[in-house]
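J.: Throw the hints in and build the complete structure from the sequences for me.
2 protein chains.
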Amino acid sequence: MSIDVLQEKICKRKNPTVAGLDPKPEYIPPHILARCYAQYGKTPKAMAAAYEEFCKGLIDALAPIVPAVKPQAAYFEVLGHDGMAALENIVAYAKQKNLYVIMDCKRGDIGTTAEAYAAAYLGSVDIDGTSYAPYDADSVTVNGYLGTDGIKPFTQLCKQRDKSIFLLVKTSNKSSMEVQDLVAGDRLMYRVLADLAVRLSTDLIGQNGYSNVAAVIGATHPQVLETMRAKYPQMFFLVPGYGAQGGTAKDVQYAFDRLGRGAIVNASRSIMCAWQKAGTDGTDYGARAAEAAVKMKNDIGLYVRIL
Amino acid sequence: MSIDVLQEKICKRKNPTVAGLDPKPEYIPPHILARCYAQYGKTPKAMAAAYEEFCKGLIDALAPIVPAVKPQAAYFEVLGHDGMAALENIVAYAKQKNLYVIMDCKRGDIGTTAEAYAAAYLGSVDIDGTSYAPYDADSVTVNGYLGTDGIKPFTQLCKQRDKSIFLLVKTSNKSSMEVQDLVAGDRLMYRVLADLAVRLSTDLIGQNGYSNVAAVIGATHPQVLETMRAKYPQMFFLVPGYGAQGGTAKDVQYAFDRLGRGAIVNASRSIMCAWQKAGTDGTDYGARAAEAAVKMKNDIGLYVRIL
Chain A
28 MSIDVLQEKI CKRKNPTVAG LDPKPEYIPP HILARCYAQY GKTPKAMAAA YEEFCKGLID
88 ALAPIVPAVK PQAAYFEVLG HDGMAALENI VAYAKQKNLY VIMDCKRGDI GTTAEAYAAA
148 YLGSVDIDGT SYAPYDADSV TVNGYLGTDG IKPFTQLCKQ RDKSIFLLVK TSNKSSMEVQ
208 DLVAGDRLMY RVLADLAVRL STDLIGQNGY SNVAAVIGAT HPQVLETMRA KYPQMFFLVP
268 GYGAQGGTAK DVQYAFDRLG RGAIVNASRS IMCAWQKAGT DGTDYGARAA EAAVKMKNDI
328 GLYVRIL
Chain B
28 MSIDVLQEKI CKRKNPTVAG LDPKPEYIPP HILARCYAQY GKTPKAMAAA YEEFCKGLID
88 ALAPIVPAVK PQAAYFEVLG HDGMAALENI VAYAKQKNLY VIMDCKRGDI GTTAEAYAAA
148 YLGSVDIDGT SYAPYDADSV TVNGYLGTDG IKPFTQLCKQ RDKSIFLLVK TSNKSSMEVQ
208 DLVAGDRLMY RVLADLAVRL STDLIGQNGY SNVAAVIGAT HPQVLETMRA KYPQMFFLVP
268 GYGAQGGTAK DVQYAFDRLG RGAIVNASRS IMCAWQKAGT DGTDYGARAA EAAVKMKNDI
328 GLYVRIL
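Sequences listed follow chains A and B, in order. Residue numbers for the first sequence follow this note's numbering, beginning at 28 and rising by one. Residue numbers for the second sequence follow this note's numbering, beginning at 28 and rising by one.
Derived by calculation from the structure, the hints in this document are not laboratory data. Some hints here could point you the wrong way.
One copy or two, either will do: identical chains are not told apart, so a pair holds if it fits within one copy or between any two.
Unchecked claim - Below, simulated BS3-like cross-link-like pairs (lysine-lysine); rule was C-alpha separation at most 25 Å, straight line:
#1 K322 <-> K51
#2 K179 <-> K201
#3 K322 <-> K83
#4 K51 <-> K179
#5 K186 <-> K122
#6 K72 <-> K122
#7 K186 <-> K51
#8 K83 <-> K122
#9 K51 <-> K69
Because the structure is a prediction, the values reported are computed rather than measured.
T.: Set out below in structure tokens:
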């Protein structure tokens, strides 16, 4: 679904945040791990089953509060095909629960390879006349270092299937400056990527005025958010780096327009691991995650009013 | 295994080429497809089984000729978890056959996410004391747009496990110029990435003088290859874009040093689909692939003598 739909979901819940689903073994409540180990032994299948149960529980708890979830593919890939089966099930479950699903996989390649990635995460593959969509997420993160050849297969699917992408523009990490902050001619490097996103936005501007070719800009760069908000009025932002990485509610306010629209802020650990911070045994992980999500919503609400 | 091992395998076979494993439904010989459809129906499982049989057959035919294979993850990802199971089996089979395996997945992320990608493709994951390595490739392609934060988790595994990476420097596609050829300060953008690779090469230079932090530079840019070969004497090159994309044996000669070392050239379709070009029914796809691989070796041999 398009950025219009994401914005609608945000407005409906008055909550511009997305819950990152980045499971790691140490985040899983012991009762889930114990059950999965008992069933499958100490295997990738057991861990994948634990990730699936944990993430589905988070989705159940968070669906009334957040408009979107963002599964991080890497954590599933490291479990091999068992991990990917869990990821498929988690995406389907989140969509069932009416959440917008942003697949965070930062793919980027050229030609038919980029087409395969786009088909994998936003589209479908044809198997002798039968169409099969392994993930069918609403949106995907894309790395544009290879230029428009690498991005177009994704934007074509945005047009055909009413989806969106988030192009990496200015990432939240410290060393992003090594590449993204270099001056390339008259522009900073990350502006080059932002301009590519604009160029690829033809026929992809939604009814709310935002493009389905959106951008990732880290919460750790509030000044960049402020400048980019002013310079790119049609660009929707995904803002990672809130919480553990140092971004605050005060910082992310600059990502939003005057109506409190145009951006969504990600938090992962602070929500997933709220049960650990509370010092519980983890059986209440869903309730704790929900509390943390409401707290984040309220924190951002101090600075951003969604009209 | 390290770039030293790759170079040894190249020298032993006097063949600086890698066979890309980029399966698509239309490349698979009909007899394989028919058997897999009969067994599994028109499902992703059937197509994954067909990819696995096809790629293993190619590996059998090519192992005496080429030193390395390069599976392209995208084509397996589009089949969901069934595709990833096939990819696991193909990597294991290629390693058994003593081939160097370069996983072409162009991953790039930050922090613990980059660690998860590195663990997935070059390392292992710990499941309550039991170590599990889903792919355990010898090398992986990496996108460095996020800076050294995104690359270091991979280079750490290079050190710990004697592996290598290929950082995207100058890709073979036309639109690579939109980002990679911009002038950033005193350097072209792709040189910035090459310099990051050099910076991360500490303790990673092999006995043959080449770094385990290697680079991707397209065959479609012979002048870039020539300049880079002179400027980066310790940088090993993976050269895609040969054949279908327009790169020739004459073009790729500039990737090699005076001993005919320091680079490996990729071909995918010309080898995988040799049976189609020959107009056969596909039952001889292995023999045809072997012929095409020998032809490529000989074509490059006209320009490059490996000492």
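J.: Which numbered hints does this structure break?
T.: No numbers; nothing is violated.
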